[in-house]
Amino acid sequence: MSIAANPRQYIISFIFIGVGSVILLRLFFLQNFEPKYKILANEYAIYKKVAYPPRGVILDRKGKVMLSNTAVYDLVVTPHNISKTFDTSQLCAALDITRANYESIMKRVQERNIDVRQSTFMEQLSQEQTAKFKENQYMFGGFDLVERNIRAYEMANAGIVLGYIGEVSPEMLKKPRYSSYRQGDYAGLSGIEFQYEEVLRGQRGVHYLERDKFNRPRDPYKGGILDSQEVSGKQLDLYLDADLQAYAEKLMANKIGSIVAIDPQTGGILAMVSSPTYDPNLLRGRERAKNYAALYREATRPLFNRATQATYAPGSTIKPMTGLVALATGAIKPSFGLACYGSYNYCSRPIKCEHKDAGHAANFRLALAHSCNSYFCHIFRLTVDFKSFGSVKRGLQTWHDYYYNFGYGRQTGIDIPYEGKGFLPDSSTYNKMYNSWNSCTIVFVGMGQGELLLTPLQMANGMCIIANKGYYYTPHFVRAIGKNPKDSLLKKYLEKHTVLNIPDTTFSIVQQAMQDVVESGTAAGAKVEGITICAKTGTAENKAIVNGEVIKMQNHSMFVAFAPRENPKIAIAVAIENAGFGATWAAPIASLMIEKYLKDSVSVTRRAVEDKMMKANLINKYVYTIDSVLRRHDAEVYRAKMERKQLVASMKRATDSMMVMRWIENHLKRSK
Amino acid sequence: MSSLRKALFYRIDGVILLLYVMLVAVGILAVFSVEHRATDVSLIMMNKSYMKQLTWFGYSLLLGFMILLTDSKLFSSIAFLAYTIGLAVLIVTIFAGVDVKGSRSWLGVGSFRFQPGEVAKIFTALALAKYLSLPETNFKLLKDRLIGVAIALLPAVMILLQKETGLALVYFCFFLVMYREGLPNAVLVVGFSVIALVLATLLIERKMLFIILTVLTILIGLLMRQTLRRKIPARIILAGAFLFSILFSQVAVPFAFKHVLQRHQIDRIFSTLGKEVPDEYDKTMVAGEEKKGNSSEYNVLQSKIAIGSGGFWGKGFLNGTSTKNQFVPEQNTDFIFCAIGEQFGFAGSAGLVILYLSMMLRIVYLGERQRSSFTRIYAYCVAAILFFHFAINISMTIGLAPVIGITLPFLSYGGSSLLSFSILIFILVRLDADRSALIR
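Chains as they are written, first to last, in our numbering: chain U, 645 to 1316; chain Z, 451 to 890.
Extracted from the complex, chain Z is given alone in its bound form (with noise of 0.2 Å):
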């Protein structure tokens, strides 16, 4: 224990701290350069966004800094009791919440207004990682994978009642918690196959798949013939494997397009494939629905352009054209990673994948090195939260996601965003500087 005799400030590891802030400060580096004009005549403006960002930053830092002065087992005490009252709060959202551009994800109050998704990572993170570290949770028995899985998906559920999927699919990323905490190879086996499913459906042509799916079948049972003929459960799962990917593919993802979807997500997903929307999927608009066009499409293009034409240094710092004269949509929110590929070009953008890598990598590490299993998983969580952001965010800029309103961490303009991943990297900082305490 003779670290936890050093002062706290000692303890506090700053290598996270110093990535947090060169992030941050990126971030404001790259708001301020979308919305800064040569006319201008001073750089305080408080009506600008960046100037807005900076001062969220004050704020996350106030936040971050009475976060260092609480006792490290609060957050533990608190993680059901935060995840009770967050869950009730996305519940409210639902029905209380603001109508923004058809989603109700935003609670306001007065004329402050935050998303309570965001906000709710930080609970489910907490609450996942207690009720894994609990001494009676046996992460071996279904029963307690299913209440992990139930308690990382039910805040999903809420946000897509609120209709924001981007945000609810964020919560698969607990997932990789589980993974390291226990869950079988097979899950990232079956997820991987999923992925590839999904994509072969929507690539290859129905019937083709069928005949595809089919041969791949009788492949394997040929190559494995030794081990079929001798287990049951593999022949089963075999069987099984099969019966779920033709009725996947004839069946679930035909009818998730045609009678679940919307059509702009319809539209999104086929833009990033860089097809066309089948005829079969092509919904015709229902009354009153504002025509989108091909928007994702023109946003993603514009977003290309932007990253695309920076090459190889960037057009400078203040030159970006394209994003600093809004061609591209949600320019200081979801797209913001196009100031940096425009103005950075690849040496920059490829700076800020490795500071994020750096981070990420970081918080694996801060995780292993835990005395306390719940410092751990909540390590794991935050890394999860901030690699699904990242790569999500980054991929749909450069068109290799589909595009999903999701917040590139630290750097995307916004209170809540800011906000949320600031308190979960300082409520690791804090746990992480008692890591050698046991934290339950």
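Excised from the complex, chain U in its bound form (with noise of 0.2 Å):
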């Protein structure tokens, strides 16, 4: 053995155990002492993933899909994992894109995310990318497939009914109603996936996932106790007719105005129609802000919902409101005539009348059937001007109590945003206008020509009114939420509205007399054999501003109907912007509705109309030259505003070192 110890081995091996107990120390404190460590190991190695549910499906009455969701596959690429292999040719032409277009995508990518995550190439990709690129994936490590779910429109109807989602965007998600939103997420921005989001999105579901560094989720954390999981959104069941819908669509083909058509026994809408239409589904998927801006752009407006949106003068359709009115209050009884010989003439100025033989105004029923302007005018003036009131302005006001209650100059509360209020006048409106007025000065308003405006929605509402003799429920789309009617999104539209006490006999009155329109009146057209319609036709002068000229333009095309007159299913309202005469379009085409809601077809004899309405062409040339004088006009108020900005900026400046000139001349002063 060794001769002597070497002292030196002690040496070492105290180097040996000098180096590991450093090293032990430094353990000790790194796995005792240093929580920060376990918290670090718990953001870094557990992953968040958020599930997406998918959205709430939608339905028609009967039960027919008309929203739904699709899956979309998004290529996403990893660039770290791209084999050497790989060959840039075979995947442009799977993708359909030139190499530039190639290398640009990659080098955004690349810009935007470290390599070894994974980052999306191409969103939305059509099926036959999706097949070429399924069919060669092999040759494609790095890149990838990710499935996603949008939207699906089953048919081109109803869009601005339906609405439509999109990324919320940074202003959005400032306010509290995106509070549990986060970018990226999508929302419903208009229409019912608007107004339903929050049961149409469902309940994300969260999963902490292991992760690893290149964050592809591994195992469920802790077994998945802490894991929440998704909710799929709700199936919400509409009162809406797919068919009558896609039939109304089809009428208003060509033509700009609208169809309201509504369950008078629910208040469930039935159609609503706002034309010019547009296929709901161009505005999703990956050309949704191209196509967004296309229609925008639109002389026509088909974004704009005309049915709830544009408020109509309701011309000679008020003229049942203005009777219901006039004999609610006492002012006439329905016995009551006048004498018209073509025009009226107790005020400063005649108004004209469509008939001139005489006894076409001798009661209530035989004037409203011959739609007798004279007459209306004239009931109203009573109405305003009943001794029982004391005043005109207290008669105003009665009046526009009762039609404040018809849903006249609000909301009616319809479950699709942004509706219209149209415009319900009172004393005060003309106290502004005149400085004196009476009777004879407000006098337009009983034929519906004055100050009054509604939306198509507020006028079909109104014939809910009168068909139910005296109540509505509030019009709106959704039947059920998640199958269950009573859902409380839905307790609103389960309210009766009963409007302020008109005896039953009053409303069997006008209903008489909206039944004689159609029978021997005004709307012999709309006549459907069989079934007990009471409408009335309307046609309603406008006027266009254009460049600060008032243009006469042509009259709005209108008509109200509601039918069964016995046990009423459908009330509706048809307004077509400039078509002319209400009996001449806007009557054949809401009898139509009325006999396809009804008896599910229409008849052979009356194929004809029918053609006629689909193919006839309302829209005036002079929309599109209004258009662009609009659109320039806007365009200089815009400029304008904004070179009365910069002038103010610049003032300021001016201003600001004027008092900074100012200031140092007086330090300069104070210090001299």
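Take the hints with a grain of salt, since some may be wrong.
[Unchecked claim] Ranges of calculated distance between the beta carbons of each label pair, as one might list FRET restraints:
hint : chain 1 : residue 1 : chain 2 : residue 2 : range
1    : Z       : L768      : U       : V666      : 38 to 46 Å
2    : Z       : K657      : U       : N745      : 52 to 60 Å
3    : U       : W1307     : Z       : E655      : 56 to 64 Å
4    : U       : F673      : Z       : I597      : 42 to 50 Å
5    : Z       : K657      : U       : V666      : 29 to 37 Å
6    : Z       : G690      : U       : V666      : 27 to 35 Å
7    : Z       : V491      : U       : Q847      : 31 to 39 Å
8    : U       : V666      : Z       : V727      : 21 to 29 Å
9    : U       : L1291     : Z       : E655      : 53 to 61 Å
10   : U       : S665      : Z       : F705      : 34 to 42 Å
[To be verified] Chain U is faced by these chain Z residues, among others (derived, beta-carbon under 10 Å):
hint : residue
11   : F515
12   : V627
13   : I844
14   : L850
15   : I854
[Said to hold, decoys possible] Derived list of chain U stretches under chain Z, where covered just means 3 residues or more per stretch with a C-beta under 8 Å from a C-beta of chain Z:
hint : region
16   : 660-673
17   : 678-685
What the hints contain is simulated information worked out from the structure, not anything from laboratory work. Here the structure is a predicted model, which means the values were calculated and not measured. For every residue, glycine included, the Cβ atom is placed at its ideal position computed from N, Cα and C.
Bring the two chains, given one by one in their own frames, into a single complex with the hints.
Next up, the structure:
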């Protein structure tokens, strides 16, 4: 053995033990007294994966799917994993893109994200692209397809009703409504998609997954006990009749205007058209922004919901209401008659009436059937001047209260956003307009040509009130949420609104007169075999203000109706802009709608009418001219506004500098 | 010679073999724990690293068995030849090496790849033992000392040329062996002083360091003025040391950082020190160089997270979220210690450190009980190599040393590493079995 113990073995052993101890000491502190590493470990290694449930499906009244979801594929890439043998030209061929395209996308991807992370290469591949990619997927290591749900409109109808979804914008995220959203989430932006967002959206699930440094999720963390399951969006059942809606849109092709059809017994909307319509499929997916801009630029403004937002002078269609109030207040009796010989001469300027023959306004029934302007102007005056009210102002207030009760001058509360209010004048309106006024000043309101403005929805709702003899339900689309018709969101639509106490008999008189309109009056063309239709035509004068000039435009063709009289199932309002007489266009279209809805099909004898209505192009050329003028005007206004802004800013700068100068001067003075 | 008469089996040191098997077993379990998924249908999956490592262990045992069957004199007689061949292979590797992450330290033969630098440690240890144990070697002579240093560092130069800096540094551990064999104590003093000087240079502002060094020299001069007055060499040494430190800190280090070291090495050094890379050393990227960012810092952070989150008792076997999900880079190889630290906590990592220390101390004990100095020197070589690997590897995982790519002996995944360490141990066991014989 060794001759003598070498002391250096101990020194070396000591070095070993010394270094070992330093390591042990460091480990001791690192593992026992530095809790931050535990926190960091959780942050790094546990991946919170948000699972997006499919949005709720929307069905029509017969259970037909109107809006559902469809899977699309996004192409993602992890640049780090692209194999060396990867053939760019093959991928370009599969995706039908050029090499330059590929390189620019790739460059963007790599600038935005680090190599080992997955980035979206291309969103929503077409079916062809997907198929071609899948076919040769083995060649494209590093690329992958990720499935995602997007909305699928099963038919190209009811776009304005269903609405669309889109990514939430940074501005939206600041609002409390979107507090639970984050960048990149989708939300309904209009229509039912917007209104019922909270139920359609469902509940996001959160899954905690262990992940590796490439963000690849692995096993569930702690066996998934912290996870919450995603809940699918609820199904919405609509009152809307998909077939009727499609039919209505066909009838309204090449016309500007709208149709609103309501089931008076529930307030459920059966069809709502704002024409021109657009294919809702345009407003989803990759092309949404581009298509939206194109639709926005259209002169006919297809994105503008005329059914709930456009306001029209109701014209003669208001006459049943004028009569209703006159009768209800006791201002006239049904037997009241007026000798009209073609004009109304009680006020300073004569008002023209379409009828000259004596006796056409011998009583209320006849007057309404013949739509006598003189008669309704007069009974409106009689109402507001009714002696029991004391003054025209009080009289107008009473009239206003009735109309307000009918839902005029306010939002009905329909379940799609941005509803218009129309305009309901009261005495303050006229106080502002005139120094002094009396019933003659406002006489046109009686025949629907005054300051009163209604949306087509309000007109249809008015029909519900008459059909129901005094009550209505707030018009709405959704019948059940998640198959529950009593969902708390629907409570307000189950509430019956009764209008100011008007006796049933009064309603019966008005109904009878409206029945006469179809059977022997102005709307003979709206007659449908076997159905008692009550209706009223309207031909509303209207003006456009272009470049500060008031231009009288062609009349709007209006029609309101409900049927059958005995057991009302449909109340309808049709407005066609600048199309002429109500009886010519709006009336046949409404009657076709009624027939289609109540009888499921249109009789052979009416095919010719149907054909004529569908083929008629009633869009005036000057719509485009006016549009371009208006747009130019808007642009000028905008430019002027910006110039003013700049001027103000430069003036502010000037005053600022002046103040600085003054301050310097003062300062210098003081220092002297 | 009574012990030689006993059968070979009884002369084998069981303690060292037991420690060896324990460490390898821990290694395989660690690799398993990182790779195993709850969804795996079978434990035996040949594409998994732990199965490959198990296979390598099989080969190691086979090779170890063959080594035990050889004559102990074989190793001393082939030492120089093996060393020469080893150097030749290292030179070939410089030119024919497979490019792996910028270094050319791997040789590929068919589908088989190995790192000659890893294996060359064995030959160097044998050659150094052989040279120092030659009767004609007088290690007190400067010439012989220089030859010893040359034998130890020649492979390091080759490996440096393969751009595998970490592996090259390992060869400096042979100074420990040479110290044991008679290098003056001053080697240790100078060694530690240089290390201290390097750290000071990096941590302290250059002008400040100049002042500190000057003040320090004056202080030492005042304290030792009696000695200095009497002995001229002492004055020369002090003056030389002062001059050296000034040149080193003011000229050499900045030069090395500006012109020799590569960007990622500078990053690693400063991230270990917990400092930002100073502007003067911050190299703008050479065209075509891959951006590494602060990857070294990220790696060490992930490694510290894994180990630090283990706590005292660890997260439990197969529950290491950081290691299992590949947050730590070089998971199975250089950073395998994280798997132990995370899953078994301080208890486990301390146990492992103690296991290593036991092995090294046992080897020192074995070395000291040899009759022939060849075996003793060889044993110290093995201990020194193990020590260097162990100390640097664990230190880099906990941020005590810069990240240089060297493996944790017996634990790290990889055939080259496991095989070469196994051979080192088995040769030692074989030589030790003939401890009472004279091996030259």
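A quick look at each hint next to the structure:
no.: 1; hint: Z:L768 / U:V666: 38 to 46 Å; in the structure: violated (30 Å)
no.: 2; hint: Z:K657 / U:N745: 52 to 60 Å; in the structure: holds (57 Å)
no.: 3; hint: U:W1307 / Z:E655: 56 to 64 Å; in the structure: violated (46 Å)
no.: 4; hint: U:F673 / Z:I597: 42 to 50 Å; in the structure: holds (44 Å)
no.: 5; hint: Z:K657 / U:V666: 29 to 37 Å; in the structure: holds (31 Å)
no.: 6; hint: Z:G690 / U:V666: 27 to 35 Å; in the structure: holds (31 Å)
no.: 7; hint: Z:V491 / U:Q847: 31 to 39 Å; in the structure: holds (35 Å)
no.: 8; hint: U:V666 / Z:V727: 21 to 29 Å; in the structure: holds (26 Å)
no.: 9; hint: U:L1291 / Z:E655: 53 to 61 Å; in the structure: holds (57 Å)
no.: 10; hint: U:S665 / Z:F705: 34 to 42 Å; in the structure: holds (36 Å)
no.: 11; hint: F515; in the structure: violated (28 Å)
no.: 12; hint: V627; in the structure: holds (9 Å)
no.: 13; hint: I844; in the structure: holds (5 Å)
no.: 14; hint: L850; in the structure: holds (6 Å)
no.: 15; hint: I854; in the structure: violated (16 Å)
no.: 16; hint: 660-673; in the structure: holds (count 10)
no.: 17; hint: 678-685; in the structure: holds (count 6)
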